[in-house]
Amino acid sequence: MKKSMALRQAAMSGPSLRNILSGYKVFLMIWPCLLWMTTACIEEYTPEISRSQQLLIVDGGITSEPGPYTVRLSLSKGIQDVFTEPVSGAVVVIEEKNGSSEVLSEVDPGRYETATGGITGKIGNEYRISITHNDEGYESAWMLLKDCPPIDSLYWMRERHQGVNGEIDGIQWYIDTHDPDNNTRYYRWEYIEDWAFSVPISSSWNPTLCYAHNPSSGIIIGSTEKFTDDLLLKHPITYVDHTTTRLTLRYRIIVIQHAITEEEFRYWEALEELNENLGTLFDPIPAEIYGNIRNVTNPDRSVLGYFTSSTVRTDTMYVDAEEFANAPIYFDSPYGFCNFVVIAGDRNPAISNYYRAGWLLADTIRDAGILYTTMANSRYCFDCTTAGNADPPADWIPLNPGNQ
Amino acid sequence: MKWLVFSVIMNRCRVINRSFILSVLLILSTGRGYTQAGDMIIDQSFHGEMFADLVSHLEGKTDLRFFYDPSWIDTLRLVQAGGSFTLEDLLDASFKERDIKYIITPQGDVILSKGNPIHGSVAKDFFMIPDQGAMASLPDPPEILPLPGQNNGIQHHPDNGLVELGDPAMKNKPGRVDLSGFIKEFENGAPMVGAIVYVEELGLGAATDMNGYYLISLPRGAHKISFQSLGKEKIALSMQIYSSSEYNVDLKDKLTELKAVEIVADKYQNVSGIQTGIERMEISRVKSLPGMMGETDIVKVALLLPGVQTVGEASSGFHVRGGTSDQNLVLFNHAPVFNSSHLFGFFSSFNPDVIKNFELFKSGMPARYGGRVSSVLDIATKQGNMKKTSVSAGISPITGRILVEGPIIKDKLSYLIGGRATYSDWILNRINIPAIRNSNAGFYDLTGKLSCKINNKNFIDVSAYYSRDNFQLNSDTTYRYNNESMTASWKHYFSEKFISEFRAVYSGYNYSISSQQQNMSDFSLDYGIKHHELKSEFSYFLNHRHILRFGANGIFYLMNPNEFRPVGEASDIIPLVLEKEQAFESGIYLSDEYDIGPRLKLYGGIRYSFYQFVGPKTVYRYGPGTPLDPSNINDTINYPSGKIIQSYHHPEFRLSVRYKFNPYNSIKFSYNSNAQYLHMLSNSAIISPTDRWKLSDPHISPQIGDQLSLGYYRDLPYNIETSVETYYKRIKNLLEYKGGAKLINNEHIETDIINGMGKAYGIELIVRKNRGRLTGWLSYTYSRSFIKVDTDFDFEDINNGAYYPSHFDKPHDVSAVFNMVISRRLNFSSNLVYNTGRPITYPIAKFPFKNGIRLHYSERNAYRIPDYFRWDLSLNLEGNLRSRKIAHSSWTFALYNATGRDNVYSIFFISKGKEIQGYKMSIFAVPVFTVTYNIRF
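Protein sequence lines, in the order shown, are assigned to chains A and B. For the first sequence, the residue numbers in the numbering used here are 29 to 432. For the second sequence, the residue numbers in the numbering used here are 2 to 938.
The set of hints was computed from the structure by calculation and includes no laboratory data. Each residue gets a CB set at the ideal place from its N, CA and C atoms; glycine is no exception. Don't take every hint at face value.
[To be verified] With a Cα cut of at most 27 Å, we get these calculated DSS-like pairs of lysine-lysine:
hint	chain 1	residue 1	chain 2	residue 2
1	A	K262	B	K388
2	A	K254	B	K581
3	B	K913	A	K262
4	A	K105	B	K388
5	A	K125	B	K851
6	B	K851	A	K150
7	B	K770	B	K789
8	A	K105	B	K411
[Said to hold, decoys possible] Which stretches of chain A does chain B cover? Using the computed rule of at least three CB atoms under 8 Å from a CB of chain B, they are:
hint	segment
9	77-86
10	167-178
11	253-261
12	296-303
13	322-332
14	402-411
So here's chain B without its partners, still in its complex pose (with noise of 0.2 Å):
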């Protein structure tokens, strides 16, 4: 028997190092009797014993060498049944329960394996281990593995053999056929979305879709196949393919799993995938970064990335290069998502635990997205384990979670509910100041789905979700807002090259606000905005060379603007009750990715948007020529029901270039328009309870947004990706606001807005490692973001008409951000964030005004806020690896803000009578030290 050993096997080894049980590659060929150490004669007793001390004890008193992982064998304990037996007897006893399988070569090494039995047999002569980087040097396959015909929907295929697929009588016919089939996880049955189908040779690549589908045309004859996704063992197969197929792949989690985790836009995604400007990552990797106050929060990690920024600490809304805070479509489930924060923005209001990733388009959005100008944010849950019930729980200084999911029907119907609440009332309570300690803070969310697998070409899946916010100050006035979505999708093959989803959505979103003291001014104060959708996509692939996407979706939306009335018998407020708003949005898109050559890839798409909104309403027309204020009212129109008011459309297009200069290199370019007929109306710095969504109505046009971006990506060895990005961007009626405008109870909103022009650009640059013990990234950003109102009457004007620097224009933006696996239960994290400060604006001038001293601003965001830095750490420690345990459990220990740097949130000015003082204020000046503990079942 001949061993032909590729890669090292280090450290003789108790551990075969992770990174090394991958880099092995054996090859096993003809053989001759490999059984001598086998045959050897145990003479002692080790029943009972660890198999470790077998272990120490044969390696101590012979040649044998042992090879294996410790997570397998951790446990086991040898079986004996007395007198003297073989060390294979022995081996074979102990292992039967594990399935362990294992060989003993001629030179004496004991090489485990689990689940993958190792062929040591005449017939199967060759076995690999897969492996990531090797694949190149892998020599062809010897002989060919028979294997019974088409696979179709059956689970296995060969450990690592070649496998044959189609009907070998077309062997010989020219042209293409295509692979095509489902990768599921194979411990519980969820489809593997963004799961990578390689061919390296060809440097052609295929993502699976939500449902785990993949689609590759290639052409007829032999190749070498990997399935890969992170964290996942790759399956690498050789694969003779006659005919166009299915194949169904079920990838394990990686035996040696050392919690790294990896972000998903996979190696061959960075260089050779078409968009610019899109950021992807797996839940596991934002669970492993330090989170503030101990909660792990996808909006805070995204804040990490290029391009994205907060204008404040612990505040709602995120900035996407340069675009305004509502200009984000956040989708969760497919639904948007109105209000993404909870407790005034300290959270995102998403339970990571039902999360599986999330998607951010920074730039060159696919057509099928519409209804936002600066980016989409799409956060997909997991689908309910398909083949055992869990339950998962956490407790963090703020929250505590529960996630309890599991099949109803086998491998057909399964479950998901998720819930989180905080106790924060339980803090308030503590703190020993009465206005303090009679508020009450509270907020929850639950998450459910529903995911069925009708069959191959059918899957549908409901979900739900709910989350809401309550805020009372002293026991009078009451905060309250809520979100709710339900999203029902149907799924549907038409055959392996036509793929179709239906969907119906439903979101919501309600605030309302109430004050109850038993007195004349008792009121309540609410407002909601309901989205109803339907919507279909259709993806055909055309041939290897087309993939057409084409759909329809239209919107409904139905607005109370402000419902502001009595509460109780004493209140003697007159109720304001603002006519409902609705508005019809809908939208077609046609899109091809069109692979012009092994370099040259191009993806176009249109979308055309339509709007109307329409009656009943009454619509106030003013003078021609005026400003809108309320004194020049010259007429006010009656619509009636179902009457259109006012429409407006747009095409909106969107483009895509690739050129790949060799696996290594590549450009991109994109471009896109898109239109925004939805707004938030805000004049505070940051997203307010108050602030409301308005519908674009005759005063109000929708927000235009352009953008061009161009990129340069390399990838370099060790896993390390890089990239470059420039954008320049502008967007066409931002909403900005005069100096006292009230938003809430205004009849004529339009009077207190003016319209502005903005411009962002920058550079993004990132250097990344999604793989191995250390993983990370560090990147760098220069973006300016501007806005300009110069309107046709220049008091209304800002700056006297001249750009000026948005609330979020912080020019200069470094993350560095780490996660090193020190051992298989120990986890380190850091991240390490400077920015430049906001812009703020300040009082220019002072002036005495009856008997106080009175601030005057003007020239807007003109100075800035001190630079921010800021630096978290986390350690993250499971509990034992024991594999049959009945719980798992992990402790999450993190220190937000270690330096305990003072960072300047805001800066302001208070007249106090004859003087005037600034002050400075920070939210988190001192460390803030958390432990969070998780729990599965």
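The following block holds chain A by itself, in its conformation from the complex (with noise of 0.2 Å):
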């Protein structure tokens, strides 16, 4: 795990038009490691970082459909601390080019959002945040609300992908769009997946149904910049391999295109190569990168984060696993430390022997009057509740409505 899902990541990454390098770095990587088969040429390290900075972080944004919009102010924390600080009390104002503005509200410690039926973004307009807190002024720079075109088609293709441990199998997501005004040019992506799963041990008082829900957290850009037509084709957005439950059952991802300026994809880009290094000394030097926003106060101290605009469009499709039924996934399953044993007879010690050994009850079933008791390593394996929702996510539409 440890090295295969960087070398995983390198090897999907492949070369492309953007980073120009990346074909070459990943043969750096693999080739000496694997001429000279050593045990591990990257391994996890954490090395001891003393000092941090504590710097506004601003997250949040404006779009085209209708608010609240939620901007979240914090404080950055060194990389070895686990939660970063609320901002709280600050003024946070959103304010359209010769237009309205609207003073955010403080819903929660750090969360401010605009009120339901407030100020609405509109294509063509620009937009900025100004934030005041604690004596300081910060200001970002006028954003244009670009319009996006629609997904023209989201799909998937079976794929086999590269990881050092051996070949992984799933799915990989593409998308083609297209703007035929070629206004667009830069873009980028978001989705959302959810799925259906169950657990291997049934339980009758734990639902053995779920789901799951995942919002995407790395950065997947394109731009069509280099190209005479704002045209992307077999855009890839993720890939979704055998060794989760996502495919088991039912899956879905939604897909969010965001149609961005010029100087937000440069961002984008610019914080995808330093979060996405691949450890060679090809990369460029980590440096610091500036987004929109600016201390006006104290022009000396950077501010993190980006005041996004942009327009949204959404594009949904599902994925059941009868659709491998022809090619099954041998799925690497989470599951596959799970354990049980079902012991008959009501005060057998036996249940008392697990229960001393750690394990759980799962499950009871009288039946012919001889209680049957199973237990089972981990209450992970009988209750999906500990992985996922027992309720279906907003807008979930069922296989099979009598079933799911």
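Could you use the hints to bring the two separately framed chains together as a complex?
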């Protein structure tokens, strides 16, 4: 897992137009490792980093969808700290150029929201955020709210990818999109995954069918600046592999497409380079990158984050396990470690032995007067709410309304 | 007959140990009969027996003792016609074919000599075996050997007799005379570069130039003069010089050469040479050291020298005294090499077989070099063998090599062709990962040279070099780059005092990256730079105190900065072809090497360099007082062809002073300033395959470097040299990059560049032993290197405008390099390297942003990776040493990183969604064993 993660990521990224060197880097990393069969070329390592900086983080934006819009303010911590610290009591204003502005209200510590029915982004207008906190003022650049073309198609292809511990099986999601006016050029995507899954051991008092939810966290951007046409074909979104429960029953992906400005694109590009660095010395030297927000009172102090403005377009697609009936995916199930025993008899001392060994009571069934007790080695194996929700997510369309 | 033996001949001698044959000095004075033992009747048949059997037979039965080097006789069988013979008859018959001379002393010592006859005759009444150390104890020659006048190109000199040169009529004139001539290799007629002509009693020396030419000015009269070079028999002569004369010398290989390799910078150079910060090494030394993956690599060996560093193991580029890697002028056959690495920097792009030696100037560069700020690495290739054709080849786990050389016209015109290629595809195809199996990586390089000696006054050589790399990952994106160069040189001797060299040089570097997946993003990206140069250099030996050198050069650069194009029908790429750039760089220089007295020597030089960036070109102008940013462009100017857009010029001073307290102690000082008009654009820690060179233009100013260096040099007994050098260096206009800088497909590259200021200082201590069975060096360097980026606009500053350590700031650096000759066939080497870990930038904050945790980097190079340590070993095994064999072969067994230390190459962080994970990466975490086989015909 240690090295495979990094290498898989490396192998997947492949040479692309944006990062012309990536192929070289992958080779540099893998080649000597394999040639000399070293046990581990890449290992997890946590150096002692004593210094840290407390800087204001701004995470928020405006879209053309009706609000409320959320802006989160917090203070950064060192990379070995667990949480960041919310910033309360700031005055946060979203402003439209030559138009209205709205002061956001703090709904949770550090979380500020516009009012329902308040300011709404309009395509072609420019917006900015200004923040006042502890007598320091912050201000973003004016951000143009660009129109966004719809996703032409969202689709997947069965692909095998390369991990260091062998090939992995799964599906790769792609999108096609284009702007007939050639205006969009810079794109960013997010996705939200939801999937149904079940646990291997049944338990009469626990749900066995649950729904997991995962919003994307990686940086997925694309541009057509190098192309004549504003057209992207087969742009990769994410790879879903056989090591999770995602494809075991029913899976849904919602892809959100943002049209962004060139400046924002450059920011994401630099952020991606810094955060998804592969460790070779060919990588650019890590350097400070600047978002669109400045500390007006104290221009020397950096501000992290970005005030984004974009139109969003989404597309949704479901995948069911049945679709792989002809070419089954062999899951490397996360439940592989699950174990259970069924013990017959009311006061069978084996039950307490298993209890003492840390096993848990998963189920009891009385059949023909005999009590059958199911003991399992982990709650995770019989209670699906440990990994998901018993209720389906909003707008979930069950495969078979009768069943799910 | 009386024998004087000055040094003991050890070990009554089946084997005359090499170091002892050298320290033997025999003087044979007037003779009585010397042949009593020779008259001994041999009544046993030895015909066809090995000579060694005769020796053991006679030494067992009689008082005779034999002295010889076993290599002379190891295949020698005795020749005896039959019946009874005297010992002399037997030896005469047996040695006839072998050019072995002998003498039998009254004490019953039978002394053999190969090549040099031993004069036992009354007429030639003394002989000596030349010696390195015993010169001082040499008594004055008892008698003058008559010799026919001037030897004007004639190659014979007496075997260690007295040589009379010049017109005896001028004998009593006052003043000085010049002795000049050529020193060549006896075996193949190649000029001996850097051979030393040395007059010990005057402490005077001169080194030969690239054609083997030397000139030394001496008081008229008698001198003991030695001609010496590494691995060669030294020739020591008593010379009576009446007037200025020429004297040519051929140096022979040391017969007992045990493959002990020596650093050529001769004994007298450490203390007496004027230069500070010079490293000079013969390829034989480089080859004797363990190489990475079995490859001999001069750049990797240079890294073992004090003051030379690299960012990471197996990385391209090197750093000299805190300079960046583009500040090194790498010359291969006088042509600059723009990318000196193969396969991502794992190897350097120079085939060791064609190299003769290299010189590295870390400070005190002579005025004839210009164009780079930090150092000059001047690599000289061999001249083809003028006497006979020979072929050598070698195979290592990575490459195969072949070298063919020989005369076209004997002693006049020779050729040399060397090639090297990797077969790493073969290895890649065996790796069971499709992405790698479908990849291929290859490189090769070719070197050729034609050398022509028209006459003693004119030499011409033409050399060419081509190296190419290609790499393809998983059959889609292909990376290719190549270096190409060609040099034509003409060296002309107007007189023995006035020498000129004219040179035409072309050098080019190109790379091309292309993607061909039959889709809309298929592209090709090309870059190229061409260097065309004409150069002249003149040396004028004004008198014995002054050597003037002057010359001029002019370079025309033509650069194709960026050519991005669609490939194929499907591609929808918009071409982005940036305008070609062109510039002239020229320089004139004058220097004087001034011998103020026996103790004080001065080198003063000035070089004036000029640079013009010329049209056609479109140049952006930015609003005054604003940062260079595309949004601040306020004007666009189109310059027509040939129009000077921007010019720069700079005086560069080169000064060196040496003060010698005595022959064993000296101090030296040097100052040099250099201007650099060509820059490497690279925002990664090491040179990456997409990095390119950039010409200075209206927005990018030339880099200016100044360096002061002071050193103390001392020679100790047992051929041990020591030195301590300190330096301080300052570099203006270093290039640094803004965060997220784009160096390719960028129409206004200046907007991503910021100017920095560099400073570096350090102290280098070295102890070396260049001769004997055990050679090597031990060095310790303490050095620092810093950069400061403090611009007019605070937000562009790095680390708030304070100095921060450069990527190659490694304060402590220790190298221990040893080579031990175990026997004549076996030779053992060891390298030990320790240095402080390089600086690294760690993220100092993390921040949640749009569902992910992102990293924030600041405080450039505030941390360091763990220290680096490596120990390499190698064993070189020669095939048997018979001289008559068709082919000579050798095996090299090398162990790289013998302790298997897991040296950290880099530390990096990956943000995996909600969490941040740090990783460390190492390249060679286990010992790597390699075997190399070499063969020579």
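Kindly indicate which numbered hints from before are broken by the structure, ordering the numbers from low to high.
1, 4, 7, 8, 10, 14
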